[in-house]
Structures are given as structure tokens and as C-alpha cells.
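**Q** Chain by chain, the residues run as shown.
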Amino acid sequence: MVVDDNLANLKLASDILELEGYEVCRCQDAEAALLALGHFYPSLILMDVALPGMDGIQLTRKLKADPKTEKITIVALTAFAMKDDKDRLLSEGFDGYITKPIEMKSFLKQVQFYLKP
Amino acid sequence: MGEKRKLVVRTKDNPNESKLFRMVFESAPNAMLLVDRAGSIEIVNAQAEKVFGYHRDELIGKSVETLIPDRLGKKHLDFKSKFLDQPVARPMGAGRDLYAKKKNGVEFPVEIGLNPVETPDGIKVLAAIIDISDRKKAEERFRLVVESAPNAMILVNKEGTITLVNSMTENLFGYSRSEVIGMNVEMLIPIRYRHDHAQFRHAFFDKPQHREMGAGRDLFARRKDGSEFPVEIGLNPIEALEGSLVLASIIDITERKLLEANRLKSDFLANMSHELRTPLNAILGFSELLVDRRVGPLNEKQLEYLNDIHSGGTHLLQLINNILDLSKIEAGKVELSTEKFDLMEVVEGVASVLKPLASKSALTMTHRIKGSIPPARLDKSKFRQILFNLMSNAIKFNKVGGFVKVELEMINEDQVCLAVEDSGKGIAKVDLKKLFIPFVQLDSGTNREYEGSGLGLALTKNLVELHHGTINVKSELGRGSIFTVVLPLRIESEHLNQD
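Taken in sequence, the protein lines are chains A and B. Letter by letter, the first sequence follows residues 1 to 117 of my numbering. Letter by letter, the second sequence follows residues 1001 to 1499 of my numbering.
In case anyone wonders, no lab produced these hints; they're calculated from the structure. One or more of the hints may lead you astray.
Covered stretches of chain A, as calculated for chain B (at least 3 residues, CB under 8 Å) [stated by the list, open to error]:
id	stretch
1	2-9
2	15-21
3	36-46
4	93-105
All C-beta atoms in this analysis are idealised placements derived from N, C-alpha and C, irrespective of residue type, glycine included.
Model the full structure from these sequences, guided by the hints.
**A** Written out as C-alpha cells, the structure is:
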């Protein structure tokens, strides 16, 4: 699952993943993600942090607090790329951290890494 | 004050008046004594018996010095004769610290009012005495509280005169208390605000009200040396015997202001970085996707243009990263994390990364150690960055078939010198000092032969200075350049004051 309010960036990450053969659920905000999670159980969520309304941190906290979704790996996919940002996000409950702009090869490598059981 | 008035007591002529006088005298709330010219006590009231602990029979006929501490007896005699030479009513509290003595020998602070009284037996002195021990104690407590306050505290009267300050005030303003007490409080205010302050002070005393710290104003104070600093001031009106006073507590908020400014700058940078990276993600990502021909074939021109878009985007990203690094260093937000490592190992690592770039221009790249170098204790990644910036510059600003030489040498026991020499076209003397200024790339404008952000050397210089090192350049047009960096070989964490 990819959650990003920026349509171009949502499309980029999703298209790259689909070209690699992954099945991708695209969500533009937390509300859409929560709705989709009602009938879709992703093995990985790539989550933008600065979402309108409920932001990526709040959504992650919510999902990590819910027994139905707590086991899903959630990785921040964010343009907050300062060193402090990484520490802050990991302490907020994200399982991983990928910065934008992404570079295709390393992006796919990281996705593979986080998908490993 | 100083008004001449004489109380006339006709004790013998008019028995009624005498009786009235006795009644008033007896029932006065203050201790009262009537003393004759010789200093003998003639009449004592009930309050005086209470205050001094004597029965009146024990006092009448005795010298008034009985009631004065021995240590002050001599002074009192002088004072008494002076008073009788020129008998003038003296009101209470006329500025002296006076003490009296009880029957049991205990001293206590008093206020004394004196009135010359004309009687048929000559001039006598009517003294009214108040025990002010409690008031003194309260005053002393107040002084102690003010003195021990963690803020600078200044007590000012209606006229703007400073009547009390604590030691924090001395520290903060650089004046000793004797230099400020009795002076106008406006001396502690920048000259340009003095006029307004006086008006503000008058307005305050017209309607004295407690005012909290930080009530929204930007306030400044002035030290003895004339320097100014931002302050926060809280005001407390105090009603005292000597009139309305205001107790001002003052804190220096220089540090807070700096932190605030730094925080605003950091927030701005973080936001800027985020906002610029977001669209770059699409630019770089989609161009890369196309260049990789993941979504279909491209003709040669399409491929070329897409590569241009991608390298333009990459350049922009590099710029953003450099600006952030530079700002973070300037904001003092970069910490060195030192570790023990071998400098030459890092040189070899960077050289192998840059080798492909060097061979593009057929450059010979060499590196060597002069003498021997003990293991260093520096921030390894920042040392690598310094080296990478200098070496990639040496490659970039070079000529085909030229050379890049890197040399390491101890220049004394604890300083190491790194020299990076190139065979490029060199730098004109006038340009040398512009070299380390952000965004100034020599050649800028008309003929940008070389691609670069114009930030690399500014950043390098900052990184070197972060290590308490220096960077210099020697160059002549047509003869290449040598950049030399001198760093301490070891930096211990406690030498760092960046936080």
C-alpha cells in the first residue's frame, strides 16, 4: 500500500512497484487508507508523513495500536530528510524510513528488505 | 519640615490646661517623655513604661541617657546640646537609624519625634518614641527576599530613583550597587527609550498594577559599558511608608531570543528541504523510470533530453543538500562524532570512488604520506567529505591529461596537513578570497565552464573550521592550485562547543 497526497509521487512509487510485479493499493490520505484496510491486508505500507487531515504519524500510531493492523510493516516514505527526522519517525512507531527523492534501484532494494519476513 | 513651632505648657498657671495636657500625654499611643534642659526625665507616659520596661518612678529624675545604649550615649549628648541650642521640631523618621535600650539592656530600633516645649521653667523637650523592631524585621526580610531572588530586582520610587537593588542586578548590568542606588532608573535603559520610559513610569504610578513578565513587549536594557540586551520585566507595585514604590524584576532573555531565532531558522530549513524534495521526487523518479526504458523504447534525442532533466534534478538535489549542510553548520547544529581512524585509508577510499571521474579526463591521481602519521581522532565522515570536496574539485577544475596530487604530512606533534594539488588553470589573485563565499563560483555569469553549486568550498571551509582547523589556497593563473588544510590530529569530545 502506498499512501501519499501528492498525486505524482503516489503514482511514481506505485508505478515503479507495479512494474516490478507488486500489487499496489493507492491511497491519497489517511481516511482512504483506513477504508481500504477494511478489506485489504498489505504486507507493507509506504507512508508519506505530511498528509492532510490525519497525518502519517497519527495514522501509523493508530494502525500500530489496532490488533488487526499492528503486524503490518509501515515504512515512512518522506521528504523529511534531516537526520533528526529519521530518529523522530522511528521513535513514533515507523518500522523503516525511505527519503524522497527516491532512486529507483535503491528504492526497490529497500522495499525488498522491508518485505522480508 | 523645619517649621518652627513651640508647644507651650503652662503647668502652673492653668491647672485645667495642665490636666488636659496630662490626659493627652498619658493616652498617647507612642512612648512619650518630657525631658528638661539638663537631660532629666520629668514625665513618662504609660506607653513609655511598657516600651522600656521601667516603672515611671524608676525613670523620673533620671538622665535620659538611661534609655540610650551606652555605645551611643556620647553621640546623644552632643545631639542633645545641639538641639537645645536651636530647638526646632523634628518629625519622626527624619532619616536616622536610632536605637534605644530597655531596662533589661536589650537594644531596639526606634523612631523619635522631638518637640521643644516652652514652660515657665524654660525650654523642655517632648520626645515621642516608636518601637520599630517589627518594621525593621519586615524590611530586613524584604531585603533578604530581594537579595536572594534569581532575577535582577530593582526597587524604584515614584520619582524614578533606585532605592534598592540585589546582587543579580549588579551582575546583569555591570554596576556596583553603590553606583546605582539613589540614581535615576532610566540610567539602565538605552538612551533612545529613556524618554518613553519616564512617561511609562508616570503612567504606572498613576495606576499601579501588577504586570507579569513577558507582557508582549520587546524591551531592552543597557549595561554600564553601554551594551544593550533584550529583557523581560515584571512589575509589582508596593505601598510603603515612604510612598508608592515599584519592584521590577528583570531577566536577560538574550539566550532565549537566540534559541528562538535558531529554532525558527531550523524550522524554516526543515520545511524548505521538505517542500523542495517533494516535487524533485517526481522529476527525478519519472525521468529515471523513462531513461531506464521501463515503460518503452526512446529515441536518441528523447533519451538525451531525459538525461538532461535527470542530471538537472540531481544537481538541484545536491544544491539543497549543500545549503542544508551549510546552514546547519552555521546554526551550530552540527556535532562532531570523533573516532580513531587511519587518514590514509580514507584518502585511498575517496581516490577509488573518484577514479572513474579522473580517468574521464585522463588525469593521473597520486597520493602519499610524507613521514609517518599516527592514527587520527576526528570525525571520519566529515574528514571524508572535506577530502571528497577538495579532490573532486581538483579533478573537475583540471585539464585533460593533467594530475591531482594528495599529500599528508605532520607539521608538528599534533597537527596534520592535507594538501591537494591540481594542474588546472589556477585562480587569479583577485579571486582567491572570493573562493570560500557561498554561491560565488569564479567565472560566474558569462562563462560557466564547470558545473558546480558554488557551495562546495564554503561547506568545506565550515567543516574544517568545525574541526578547529584552517584551510588555505595557493594558486597562480596557469599554474594550478594547492589547497592546504591543517587539522588537529586529535579532537576530544570536550573540546567541542557545538550543540
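**Q** Let me make sure I understand: some of the numbered hints might not hold for this structure. Which ones are they, in numerical order?
**A** 3
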